[in-house]
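> Sequence:
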Amino acid sequence: MASSISSCTLCLPALMMLVLDLNTVESVWPLPQKLAISEERYPLSPTHFNFHYGEDQASIMTDCSLLDSAFTRYFPLIFPDLTSGNGVFPSTEEKAFSLVVKMHQKDCDGYPNEGSSERYQLNVSAGQAVLKSETVWGALRGLETFSQLVNQDEDGTYFINKTEIEDFPSFQYRGILLDTSRHYLPLKAILNTLDAMAYTKLNVFHWHIVDDPSFPYQSRTFPDLSSKGAYHPMSHIYTQSDVRRVLTHARLRGIRVIPEFDSPGHTQSWGKGQPNLLTPCYRGSSPSGTFGPINPASALSYTFMSQFLKEVTSVFPDPYFHLGGDEVNFSCWQSNPDVQVFMQKMGFGKDYTKLESFYMENIVNITSNFNKTSIVWQDVFDYHERIPKDTILHIWKGLPADYKAETSRMTKAGHRVLLGAPWYINHIAYGQDWRISYNVQPLNFSGTEEQKKLVIGGEVSMWGEYVDATNLSPRLWPRACAAAERLWSDESQTRSAEAAFPRLQAFRCSLLRRGVRAEPLSPGHCRNEYQGI
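The sequence shown begins at 100 in my numbering and counts up by one.
FYI, nobody ran anything at the bench for these hints, they're computed from the structure. Please note that the accuracy of each hint is not assured.
[Unchecked claim] With a Cα cut of at most 16 Å, we get these calculated EDC-like pairs of lysine to aspartate or glutamate: (1) 133 to 460; (2) 205 to 139; (3) 133 to 590; (4) 453 to 484; (5) 287 to 341; (6) 453 to 410; (7) 552 to 532; (8) 551 to 567; (9) 287 to 567; (10) 201 to 139; (11) 496 to 567; (12) 205 to 154; (13) 371 to 410; (14) 371 to 323; (15) 496 to 481; (16) 261 to 341; (17) 488 to 501; (18) 205 to 167; (19) 496 to 425; (20) 511 to 549; (21) 201 to 154; (22) 488 to 532; (23) 552 to 213; (24) 201 to 253; (25) 551 to 597; (26) 511 to 481; (27) 453 to 489; (28) 511 to 489; (29) 261 to 426; (30) 511 to 548.
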């Protein structure tokens, strides 16, 4: 291509374009940064539609399997009636329509990362749409937008309006956390969630894979962790093959997979398969028979963690790795005589936050040695732990005033921040609680412009105490769509939940048609109701 879209803004040509009221832009979610749609529209036929690369790129893009698979995947999403047998097939007099893709970089073989550009331009005119992007990841986002622009009239004929779009995300990190320890989620439930994430342009799957209740990750190095720590050693585990399938499914949709192995707390399931890892709790001078967090006073703990982290950091290719570090109960450490001796030796006195700091500093340094950037929960910062400046801090606690103040403190200290506190949507309320998520303003805190650049994005959390495969999708969707638009779109154009409501209603219907069990927002109906029952 002749020019880079990263170096200039889209200059809409001087033609009579009707910039539609947002309420009439059906199903476009999240809202593009710049969007102009004309009343002029063109019929589309599944028998006269094709994807192809620009003429100047055809030879070099022949082996871009990632984009080729996207073309195959999006065809039935653009023409859903084709597979159901309900489509209206036009005569052979219908004109052909092509979606032409042009990319600056051929980066089809790698994984998306924190530096991946998702910027794209999409211009729809008579006979063709031209999708320009810097990378394959931007092309994927543009394909999704194109698929949402295709509509059907009352007779079932497909059409698309003349459109010009320039689009890019407001935040680089737009995630969903799934908890697969408190309830095991079948692989299909995870893959279906990744599909829905791609529809909403969410780009990070934070896999909270293990916790106190169960250890479903099947380790090559320490197989007893799952054989003794999972709910069932065969049916309720994620094998190495399962993990690879998740990684591949996510990559093909431009989604990063960031695992979390939380420690030193939240590790009860670890102790079932790894003796001498957890701290023995005492009642007076005798062991009580119960165990607390990982023992930070034992050298064996760090030897094990180093070996285990060496494995999992090689399994998951993303440069980021979540180490947890939250909600450590100090009572067991306080009861253990060996820990007490270690505290005195280290000069920690009775301050057990210093002991947790000692542990986390060691774990972060181990992870850094494996060329990973650590993400930790905010507790690690709150305990004044000495961690590398490039460690990303994940805010999960507090009301708006609390997390805004925390964001201000963290960014002032020079750390990058990930905002999670306002999007714990496993907490449900009657009515349209999505509006609360939609009205979040991630950069509305006291700080300089340089501080605000350190907020890399946010994350929707779906903790699993009361969530399994039976209710995961309806609890996530369309409620997670609110955070998806907040993190992608221009906040100045999307401040009104009331204005967004008709688009979200229409998009929810689109999700149903794509097989996503998205719960209703209000009384009403969809032209194509959910058919999966």
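> Now tell me, hint by hint, if it's right for this structure.
Hint-by-hint comparison with the structure:
| no. | hint | result |
| --- | --- | --- |
| 1 | 133 to 460 | violated (44 Å) |
| 2 | 205 to 139 | violated (34 Å) |
| 3 | 133 to 590 | holds (12 Å) |
| 4 | 453 to 484 | holds (8 Å) |
| 5 | 287 to 341 | holds (10 Å) |
| 6 | 453 to 410 | violated (28 Å) |
| 7 | 552 to 532 | violated (29 Å) |
| 8 | 551 to 567 | violated (36 Å) |
| 9 | 287 to 567 | holds (12 Å) |
| 10 | 201 to 139 | violated (24 Å) |
| 11 | 496 to 567 | violated (24 Å) |
| 12 | 205 to 154 | holds (15 Å) |
| 13 | 371 to 410 | violated (19 Å) |
| 14 | 371 to 323 | holds (8 Å) |
| 15 | 496 to 481 | holds (11 Å) |
| 16 | 261 to 341 | violated (43 Å) |
| 17 | 488 to 501 | violated (22 Å) |
| 18 | 205 to 167 | holds (13 Å) |
| 19 | 496 to 425 | holds (10 Å) |
| 20 | 511 to 549 | holds (9 Å) |
| 21 | 201 to 154 | holds (9 Å) |
| 22 | 488 to 532 | violated (36 Å) |
| 23 | 552 to 213 | holds (14 Å) |
| 24 | 201 to 253 | violated (34 Å) |
| 25 | 551 to 597 | violated (27 Å) |
| 26 | 511 to 481 | holds (14 Å) |
| 27 | 453 to 489 | violated (21 Å) |
| 28 | 511 to 489 | holds (13 Å) |
| 29 | 261 to 426 | violated (53 Å) |
| 30 | 511 to 548 | holds (11 Å) |
Hint compliance for this structure: hints 1, 2, 6, 7, 8, 10, 11, 13, 16, 17, 22, 24, 25, 27, 29 are broken, all remaining hints hold.
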